[in-house]
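Asks: Start from chain W and add chain Z according to the hints.
2 protein chains.
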Amino acid sequence: MGSIPSPGTSPSNLMDEPLNFCSNCGASVALTIPPGDHLPRFVCRTCGTIHYQNPRLVLGCVPVWEDRILLCRRAIEPRRGYWTVPAGFMENGESLEQAAARECQEEANASVEIGSLLAVASVTHASQVHVMFRARLLDPEFSAGPESEAVGLYREEDVPWGEIAFPSGEFTLRRFYADRKAGREDYHFTVLDRPLKR
Amino acid sequence: MGSIPSPGTSPSNLMDEPLNFCSNCGASVALTIPPGDHLPRFVCRTCGTIHYQNPRLVLGCVPVWEDRILLCRRAIEPRRGYWTVPAGFMENGESLEQAAARECQEEANASVEIGSLLAVASVTHASQVHVMFRARLLDPEFSAGPESEAVGLYREEDVPWGEIAFPSGEFTLRRFYADRKAGREDYHFTVLDRPLKR
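Going down the list, the sequences are from chains W and Z. For the first sequence, position 34 matches number 36 in the working numbering, and the numbering has no gaps at all. For the second sequence, position 47 matches number 49 in the working numbering, and the numbering has no gaps at all.
No lab work stands behind these hints, which were simulated from the structure alone. Please note that the accuracy of each hint is not assured.
Which copy is meant is left open, so a pair is good if it fits within one copy or across any two.
Said to hold, decoys possible - Below, a list of computed lysine to any residue pairs in the SDA-like style, where the Cα atoms sit at most 25 Å apart: (1) Lys183 / Glu158; (2) Lys183 / Leu119; (3) Lys183 / Gly154; (4) Lys183 / Asp69; (5) Lys183 / Ser118; (6) Lys183 / Gly164.
Since we're looking at a predicted model, the values are computed, not measured.
One chain only, chain W, in its complex shape:
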């Protein structure tokens, strides 16, 4: 839960993009707790605009074709060369399901129908929320998009478990297979609060 950070620490609610100047008027900003608020915010010294920084949503899915799932090998940092379910930042103006399907199209040139909710991870150290759906691959046509160096369909025993890019991806895949064995489609919440070990 939000708390006021000690001086000299990096406040967990402010670990976002650089905020040195007001995006409204261009003047400098000060880190201060606005009246009625309980957390420090970047506030413009000139026009008074309060610049809130909030968690970003990452949307993804597990695309299924018969007994295989689609995974992408990342062509970009972070975690270049590691494997991931297709996922990325949600854009303004789209729904959760549209974001998940768009990311699959962009990263794997693959068309999916989004299904049930599978996993939701509060990634607190990165101030992100990852939302993952089950999905049905509409046809087995796909290819690597610009952010992927390879894309493939994998059976459970062939999933490269030791080379999964992010903890939320491993959580998602573990729950996917556990539910599939049990004949369920539950949803699963988790909190991931530690950066990756390199």
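Replies: Chain Z only, in chain W's frame:
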């Protein structure tokens, strides 16, 4: 899904806070599609920082005490004087459940245990995602926080249906009662794409 807006329109992915100047270096920004991207972004003309704008998360819950639920009458705009489930913007560094419980504490001085996922609304016109949980009020002690002008426990027949502040709140409450009648605790997704009529 994101698409490139016509000139002169207000791009749906850019309806956030004012972005005239670079928050990193203070120089002016230009609206342009960065290399490898597919949507216009505000990009600094001097240091090149790309300023992404993404949907914000609003977290809330339906706190239950015996056969009643807790509702708050808003003391602030928008929709001052209308009723809402306790809800508000998620902060960096907290989990979804922590955000929902914190908002209930702030708006109603009420302590809850967060339960199952109830409703998720992609509020596309506002570039927000609203996530609502069921919750158990831990004791029937509560009072209006600074953003509420009244807080109360209501039976279903006493819910002020005509005075609910936001469509996501009405969606949440309707599904809550429908599930309760059916003896279920399902989750419900919706897309809300039109601003409120005033």
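Asks: Would you mind marking each hint as holding or not holding in the structure?
Replies: Results for each hint:
Taking the shortest alpha-carbon separations for Lys183 and Glu158, only the intra-copy value of 11 Å comes in at or below 25 Å, while the best inter-copy value is 40 Å. In the homo-oligomer, the alpha carbons of Lys183 and Leu119 lie at most 25 Å apart both inside one protomer (17 Å) and across protomers (23 Å), since each shortest distance falls under that limit. Only within a single protomer do Lys183 and Gly154 lie at most 25 Å apart by alpha-carbon distance; the minimum there is 22 Å, versus 45 Å between protomers. For the homomeric pair Lys183 and Asp69, the shortest alpha-carbon distance inside one copy (12 Å) is at most 25 Å, but the shortest distance between copies (38 Å) is not.
Taking identical chains as interchangeable, the C-alpha atoms of Lys183 and Ser118 lie at most 25 Å apart whether they share a chain (16 Å) or sit on different chains (23 Å). For the identical chains of this complex, Lys183 and Gly164 are intra-copy neighbours only, at 21 Å inside a copy versus 46 Å across copies, given an alpha-carbon limit of 25 Å.
In summary, this structure violates none of the numbered hints.
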